[in-house]
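> Respectively, the protein sequence lines represent chains A and B.
Going by this note's numbering, the first sequence opens with residue 1, and the numbers climb by one from there.
Going by this note's numbering, the second sequence opens with residue 1, and the numbers climb by one from there.
Calculated directly from the structure, the hints in this document are not laboratory data.
Incorrect hints may appear among the rest.
Ranges between beta-carbon positions, derived for each pair [as the list claims (entries may be wrong)]: (1) A:T176 / B:I60: 44 to 50 Å; (2) A:Q65 / B:S15: 29 to 35 Å; (3) B:F16 / A:N9: 45 to 51 Å; (4) B:I224 / A:D28: 25 to 31 Å; (5) B:F243 / A:S240: 54 to 60 Å.
Quantities reported herein were computed from a predicted structural model and do not represent experimental measurements.
Cβ atoms here follow ideal geometry from the backbone N, Cα and C, with glycine treated the same way.
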Amino acid sequence: MDNSNSSQNTLVSVRNLTFSRGNNKIFDDISLDFERGKITAIMGPSGTGKTTLLKLIGGQLYPEQGTITVDGQNVHRLRRKELYELRKRMGMLFQSGALLTDMNVYDNVAFPLREHTHLTESMIRSLVLMKLQAVGLRGAHQLMPNELSGGMARRVAMARAIALDPMMILYDEPFTGQDPISMGVLVLLIKALNETLGLTSIIVSHDVQETAQIADYIYVISNGKVVDHGTPAQIEQSSSEWVQQFMKGAADGPVHFHYPAKEYVDDLLSTGKRY
Amino acid sequence: MMQFFQRLGASTRTSFTKLGRATYFLLQTLSGILSVLPRPRLLMNQLFSVGVLSFLIITISGLFVGMVLGLQGFYILSDFGAEESLGIMVAASLVRELGPVVTALLFAGRAGSALTAEIGLMKATEQLSGMEMMAIDPIRRIISPRFLAGFISMPLLASLFSAIGIIGGQLVGTGLLGVDDGAYWSQMQNQIDFYDDIINGVIKSIIFGFVTSWIALFEGYDAIPTSEGVSRATTRTVVNSAFSILGLDFILTALMFGDD
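Here chain B stands alone, though its shape is the one from the complex (with noise of 0.2 Å):
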């Protein structure tokens, strides 16, 4: 029993000490962006390897989703003759919940393990001491134009799934199943209100882009130098951006849509 408590104690404190040098390493990041603003080029080959070769991926998922929206809610549409508001309930899922949120998990699997795995990589081949060495401060040359690149592309990366997811829903909605055109985009239209749908959602994938990449880039840069440490800080990356994601879609769905 005592050991268990003594277990517990250690655990937290272990969770404790490393929540605040991941505090202490967001701040750092944070102050290094006003370095990154004036070199647009150091952010620019970021963008692409994070956002740009994300891109895929995302259409790809965003298709797929809204099809299978597409064919989900006409089935249960149809029960009560509603199928001519399918538009609605494709574009309502995905701008408000499905677009940040499976963006995001993807975007933690595909562009934040890749940056956990580059950050830990660096530190274990002692990239970033040697950048240390040239007087060279590795948050502000390596780790800012990072975080920046992934907390511009989420937003945009959520926006896409939900247009391409929309597009998939009227291919299979109208295309397979013969709901009306017109009333596809016209029930969309009139129904999905710009800043309590869209606003929203593009505000929760910023908020998941920020997380995402903190995480990414903590988990790199705090890894253990070894290639098993790298292999779990790449894990831990994945496994703790999904919790994140989903437990703060939960509080911020409560907070945005509470009042509907």
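Same shape as in the complex, but just chain A (with noise of 0.2 Å):
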């Protein structure tokens, strides 16, 4: 694969990354290039270290070999104090919203502001009027996180993540779990915030519809390689089987039903050894 003319236009630029975690390899020699106010998916089954990448790509895991540059800057190799100021820059979505369980919806917003700026209270209070605004939960501000429902976590923590106006926000896992009406609002705040702040989203996701939806750009991982990248156009049309049992769900394919074991009727007439 050629993934090797990065550009001005990229933002995040991950070259020959491996990762390990014991014998089992996540990634194993990637490439995969992020473009500047893009939204960039990427995709995979559960367990292939989407989430990984993407502390890896926020400094919180060291890669074994190769490099990670989110805006020229070498993440891996950024003293605390640089690497910290970089993801005042980046925000991120976890997959549980992360919300501080001890603050109201309000405090939570104004969190970051209040550590790392020297703002008002009030015009902090107009900043997080304004980021709650823009997810719809302006009306929720006095909520505890344990009020909220899945999606209305995620949105707080949305407007968490651009409370500092970031250049970026990787997601992580954002449709999962949550209704239909949840996983639409998401799926338009998404986009509507990519555009209207200019930012680049990066997501990790496996649900297919929503995110090839809103997607510019996929790349599909699977057993620590990328087994296909295009934007979503490209993906629904790919060659390869394995992505199109992916893309539509097939229960069969090149990802067998069966876990790996030995001969079912060997396996039920081996009589005395217990599991």
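Mind docking these for me? Both chains are given alone in their own frames, and the hints should help you get the complex.
Rendered as structure tokens:
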């Protein structure tokens, strides 16, 4: 695969990345590019290390080999202070929302502003209300995280992620476990925020329909390798049987329904051994 | 046999690795304290949840321990006709040993386990990771204020425990068993030394506060981020704190009161 033509327009560039957990190789020499102003999706089955990739981009994990550059800076060569400065320009939306449970919605969104700026409380109030208005939850500012539905919690987390006006947002499985209405709202919001705030978005997901709907470019990852990449239309026409199975959600195909095992009959007839 | 040594080696290695992580964690926590000082509100909130919320269990326990000491002390001392010395017996036991030790054990059970569960759950729900991604150091923002609060609260709670215990002893001794009130207080006043007894007891409680807070926060921070992992970490906090408190108490007592 030729991903080496990284241009000026690339905000995040992953080069020859290798990463393992124990003996399990999560990424095996993969290269990816994420363009500025675009929504790029990383898709693949559960357990392919999609979240790990976001943590590597955010500098929370270190690769064994390869480099990750964000806005021209090699993430893993930065000093702690420089990394924190870079993170202020990155927002990340965790699967769980990761809201601070001892604070209400308003304080959660105000949290990064209070920690990183010296703005007055009245300015913070205006900013927080603007961010909450953008995600449609201004009226919920007094609720505690345990009073929010999963979809609402993610929207609050989105408001918090854009609080410092970042250049990019990393979304970790934003659609998982959402009802159709919440899912529709989140799809709309990710697209709208990307366009109106001029963000760059990286979405990690296995929700094919929703992600393909808003992504400008898709990478499909499996077994540590990039299986295919292209625009949603190109991916839909992919010649790879594996990608076809994944995109259509077929029960059997290159990914077998059965976990590898010895012959069924032999297993049934073998006696004396307890599992 | 070979397997036994393999297992022994593996668990020793795991323990030392953990000790290394815990030491590094402590150094980070201590360096984070400097950033807590300009933000007293962070500390106040934690002093409330770690210290003030432990107030009730400490006072009630102190009262009962003092009352039991009053009873037991009276029965033993009356055999020798020395009931008048009940005050000194109750006070010395409390200030030197029971105050710091029982308070630390209760503190580990009440505040320590709560700290571990809180930090462990914050880890499990990605709140700590989320903070890191917001460029906020969770050690400075979350751990250091809690550590400092534990460190400050322990000696105060231990002093409170001893004071209430002495009143409990007096209630039983003079109120119930007829020991002379004047003798109870004056003997205590004459025999209890400010430096040798009270200050040494406070030093003990400061050390116990340091160790218990360290164990509780580290276990939470190092917990496997699942419900089972957090539950095990909470148990480890209580067990390890109890061992550390009792072991350290022996060492500290030998050092402090060895020459008496």
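> Next, verify each hint and record whether it holds.
Hints, one by one, checked against the model:
no.	hint	verdict
1	A:T176 / B:I60: 44 to 50 Å	47 Å, holds
2	A:Q65 / B:S15: 29 to 35 Å	32 Å, holds
3	B:F16 / A:N9: 45 to 51 Å	50 Å, holds
4	B:I224 / A:D28: 25 to 31 Å	27 Å, holds
5	B:F243 / A:S240: 54 to 60 Å	58 Å, holds
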